[in-house]
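Visitor: Listed below are the residues making up each chain.
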Amino acid sequence: MQHTKLLIALGALILVAGCATQPGGMSRPGGNNPPPQPSPSPTPSQTGQPGPTTPQSSGNGGGQTATTAPQQPKKAPPRSASEISSPAVMSLLGRADTLANAGHMDAAASTLERALDLDPRNPFIYQRLAAVRLAEGQNGQAEQMAMKSNSVSDNNPFVESGNWQLIAEARKQAGDKMGAQKASAQAVNFRQAASQYNQ
Amino acid sequence: MVPLAKKSRKSGKRSKPRRGQPRGWFRRLLPYVALVFCAGAAALALYTVHLDHEVRSKFEGTRWKLPAKVYASPLELYAGLDLSEKDLEQRLERQGYREADTLSDQGTFKASGSTLSIHTRAFQFWDGTQPDREIQLTFDGSGVASFKSIDDKGKLALIRLDPLLIGSIYPTNGSDRILVKLGDVPPMLPAGLITVEDRSFMTNWGVSPKAIVRAAWADLRAGHIVQGGSTLTQQLVKNFYLTNRQTIGRKLKEALMAILLDAHFSKDEILQAYLNEVYLGQDGSRAIHGFGLASYFYFRKPVQELQPSEIALLVGMVKGPSYYNPRQHPKRAKARRDLVLDMFHNAGFLKDKAWQKAKAAPLGVTNRSAHGNTQYPAFIDLVREQLHGQYNDSDLTEGGLRIFTTLDPSVQAAAEKEVDQGLKRVEKARGIKKDSLESAAVVTSVEGGNVLALVGGRDRGYAGFNRALDARRQVGSLMKPVDYLTAIKNPSKFNPITPLDDSPLAVKLANGKTWRPHNYSEHSHGTDVPLYYALEHSLNLASSRLALSVGIPNIIKTLHDLGYRGKPMAVPSLALGAVGMTPLDVAQIYNTLATGGYYTPLRAIRDVTTRNGKPLTRYPLKIHQVVDPGPAYIVQWLMERVARYGTGAGMYRVLDNSKQMAGKTGTTNNLRDAWFAGFGANRVSVVWVGRDDDKSAHLTGATGALPIWSRIMKDIDARGIVNTPPDNIAQMPLNLVFNPGAVNQGLGPDPDAMYGHGQNCPNAVKVPFIKGYVPQGLTPCDTDIMSQNAQYHRQQQQQEQQPEKRKGNWFQRLF
Chain A
1 MQHTKLLIAL GALILVAGCA TQPGGMSRPG GNNPPPQPSP SPTPSQTGQP GPTTPQSSGN
61 GGGQTATTAP QQPKKAPPRS ASEISSPAVM SLLGRADTLA NAGHMDAAAS TLERALDLDP
121 RNPFIYQRLA AVRLAEGQNG QAEQMAMKSN SVSDNNPFVE SGNWQLIAEA RKQAGDKMGA
181 QKASAQAVNF RQAASQYNQ
Chain B
200 MVPLAKKSRK SGKRSKPRRG QPRGWFRRLL PYVALVFCAG AAALALYTVH LDHEVRSKFE
260 GTRWKLPAKV YASPLELYAG LDLSEKDLEQ RLERQGYREA DTLSDQGTFK ASGSTLSIHT
320 RAFQFWDGTQ PDREIQLTFD GSGVASFKSI DDKGKLALIR LDPLLIGSIY PTNGSDRILV
380 KLGDVPPMLP AGLITVEDRS FMTNWGVSPK AIVRAAWADL RAGHIVQGGS TLTQQLVKNF
440 YLTNRQTIGR KLKEALMAIL LDAHFSKDEI LQAYLNEVYL GQDGSRAIHG FGLASYFYFR
500 KPVQELQPSE IALLVGMVKG PSYYNPRQHP KRAKARRDLV LDMFHNAGFL KDKAWQKAKA
560 APLGVTNRSA HGNTQYPAFI DLVREQLHGQ YNDSDLTEGG LRIFTTLDPS VQAAAEKEVD
620 QGLKRVEKAR GIKKDSLESA AVVTSVEGGN VLALVGGRDR GYAGFNRALD ARRQVGSLMK
680 PVDYLTAIKN PSKFNPITPL DDSPLAVKLA NGKTWRPHNY SEHSHGTDVP LYYALEHSLN
740 LASSRLALSV GIPNIIKTLH DLGYRGKPMA VPSLALGAVG MTPLDVAQIY NTLATGGYYT
800 PLRAIRDVTT RNGKPLTRYP LKIHQVVDPG PAYIVQWLME RVARYGTGAG MYRVLDNSKQ
860 MAGKTGTTNN LRDAWFAGFG ANRVSVVWVG RDDDKSAHLT GATGALPIWS RIMKDIDARG
920 IVNTPPDNIA QMPLNLVFNP GAVNQGLGPD PDAMYGHGQN CPNAVKVPFI KGYVPQGLTP
980 CDTDIMSQNA QYHRQQQQQE QQPEKRKGNW FQRLF
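For the protein sequence lines, the chains are A and B, in the order given.
Just so you know, we're using my numbering here: the first sequence kicks off at 1 and counts up by one.
Just so you know, we're using my numbering here: the second sequence kicks off at 200 and counts up by one.
There may be inaccurate statements among the hints.
Pairwise CB distance ranges, derived in the manner of DEER restraints [as the list claims (entries may be wrong)]: (1) A:Gly140 / B:Val921: 42 to 48 Å; (2) A:Ser195 / B:Ser313: 34 to 40 Å; (3) B:Ser635 / A:Gly140: 57 to 63 Å; (4) A:Gly140 / B:Gln589: 20 to 26 Å; (5) A:Gly140 / B:Ala299: 32 to 38 Å; (6) A:Gly140 / B:Lys965: 31 to 37 Å; (7) A:Asn101 / B:Gly373: 41 to 47 Å; (8) A:Gln181 / B:Asp339: 47 to 53 Å.
For the record, the hints were derived by calculation from the structure and aren't laboratory data.
All C-beta atoms, glycine included, are put in the ideal place defined by N, C-alpha and C.
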């Protein structure tokens, strides 16, 4: 039982880590994917998040469009840590992956915390921490870390889809079937939102 | 044991008197006399056996209690670190790194131009041993531009410097030491000790009769004891087993034990014990024992890295650690050191050139402010508090644990400096009695919740009253962001431009008294003050009404969500901060606000390991979302307004204008307490200024605490906030024109400008609203004083207040 849990969590870890980290991680993987030109499509928040609605407030769409006024074709958000992380952070992520793969979850978490000290608002680091906590069976902390990753991701659908997947897994482990389904749906939404960058 | 017993029997025989023919009566007494002597000899033999046991068991057993060692957080070096070359060099020197021509030794560095090369020290961290490496860094205007390894041990992207040893957890009036092995110390240290203290050490039997005779002769002539004549072995025995009293009986016991020790143990074992036992100074109530700790205490480096002049100083101090204390008596200490260097030279193990160089060298001891437990007593208090309940006292004072903390020495130094200078400055500028003010400060890391610095007061030489942890003072308006957050959590009722009523207020309390808050200016600002403005200028009337309408119990709930553990009274004045909190409590609350609503328990410790590096306890990062991202963002935005345009705006006299900060002033009745609490992207700082006797300090948050706060944030180069609204925030560009001083009853300079009709409005401010709750009819370029908005809200409030009235005041219902 404990074993399968660990295996599932490790699977999730590898999945979200995207096996993209190389120790040292100096090379940028951007070479083979040209900057995508997404067509304007609904933002994940509109499709995904069950936003609060009230009967009185009908004219609220205006408020939002006003700020992001001239909608330019947005640059694709980063898919992997290496796109936004310094060599120092990448080297720590690489070390943490190695430690996690060897089952040293505590040491992996400690290394990821070192990375956070260097780059405190890097969503990929929080995401990995979430995966490590999931592997340790700390479902509550796994979910919290994934939520925190969302909060610093600047609405990055690549990151958020992974986080919702982790949250779904964490809720499943905790026996919260309904919650897990909701999170899975969110993951699907964000994957769709991310797919606009995949052409 | 047997040979020793024999020895003593022999000595018993020797002591038999032979004085010619005894007389008759004496002859009869002789058997009794013999009996007495035999009994004496037997007693001596038994005593020797007893001593022998004592000597052996104490020497072989756990000989030393090792106080836990407390380390600061290590400095990480990597490309992109915002640390100048000068600052890094200073840090290296503070940690006892030595500038050298070659990097062959650990703990050395070499600077040339904008390039700095370092040979780091190997160090056992909580996650294993990091080997020593040779690295090279280059610098540009913003810090470390490049980083690489220059040894042949492989590539590196970052490295940790060995952390600063900031203290030990030792028992009251206890001794402290760091164990060293004879094989690890520079050979000059034992050789020098023997030369100076006991030339015949390698050949004597633990005592040196020649030296004793010489000393005895000197003592006799003087009529009292003036000279010791002790061998290293005797000195060790004295330190180890005996008290400091010098009596003949003690001397004999000491000599006997020295012989026993010498008989049982090798010279190397005795020498190593001596290196670790010898008393070398005092740090408050902590006794500094052994060369391992003395090396850190005086030079901030491991004993392996000691240079000849430094070895000579320490060896010379053995004769009288307080008499030759290099910090108190530098001239005396230097004369002694130079004499010792001459002895080293004469003995042949210090060659001419090195001898001359060593004599020319300064004493090189670190100053008082950079050593030992007395430097960080406030922070060590917090460490003890966090350890409390997990480790018992003997674990901490005897087991040699290694405690890795979150203290950042440079942040701590900045906080201490600014507290000291800030108090002096404000006392002078405002004619306040010198040294009458006190202060406390806490700096935390936002994400991670690490306590980076803790200042418990202005006099830190002694572990005294730790105001950062123990002084519970009223927080005043520091409470307001909590009030406003509680309100904003209900977006259908409150948003940044909701008009608040700032007219005079009287609340009848259950005890019959009436609570009448006042604005600091004693003026009301009308009945339609936009919410953001009320917080910006810390309006008490508007804030009290707001707090009463959201409910004091709800505010207490928010306080607890944010991490406050106290139980404040549910009284209306809580809205204005009528609750005593410690600066650390405030730091916890504001840290949660700074993270965007993720409660992260503050921590001072990250890891505890055994003496040998085995992990014992981790204190991992734990986070818990306690405020939704939307309201958290709006409150941060409101506090940014405070910093930019409100009571906190004075910070930009010190801080770079481009750095967006958020914060709040706090001032209490009769100007007793002056607070400022606020944050940038990566640092929360809380500063309190007041008097210990609770009399008026004659200071407001803005005049007393904010200047210190701003300078701390500047010194530590806190990053500015980059606003990234969460996706349930809608931003509306509005012209914020509310001006209560304007003639038109606060309706702004030009009533016609109330509506911008969606035209281009370059001076508009992006005001955040929770999506779905932008007030009806509000369009881009409108102003904040839109009367429709005001009307709409008044209607709503009236509707909701009706059922309340029927049930009576919530507060009266409480009692």
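Visitor: Now tell me if each hint is right for this structure.
Guide: Hint check:
Remark: the range hint 42 to 48 Å for Gly140 of chain A to Val921 of chain B is contradicted by a beta-carbon distance near 29 Å. The hinted window of 34 to 40 Å between Ser195 of chain A and Ser313 of chain B is violated, with their beta carbons roughly 47 Å apart. A beta carbon spacing of about 49 Å between Ser635 of chain B and Gly140 of chain A contradicts the range 57 to 63 Å that was offered as a hint. Look at Gly140 of chain A against Gln589 of chain B: about 22 Å separates their beta carbons, and that is inside 20 to 26 Å.
For the hinted restraint 32 to 38 Å between Gly140 of chain A and Ala299 of chain B, the CB-CB distance of approximately 52 Å leaves it violated. Hint check: Gly140 of chain A to Lys965 of chain B, Cβ distance near 35 Å, so the stated range 31 to 37 Å holds. Range check, Asn101 of chain A to Gly373 of chain B: Cβ separation about 45 Å, and the 41 to 47 Å hint holds. Under the hint 47 to 53 Å, the C-beta atoms of Gln181 of chain A and Asp339 of chain B, about 52 Å apart, fit the expected range.
Consistency note: the structure conflicts with the earlier hints numbered 1, 2, 3 and 5.
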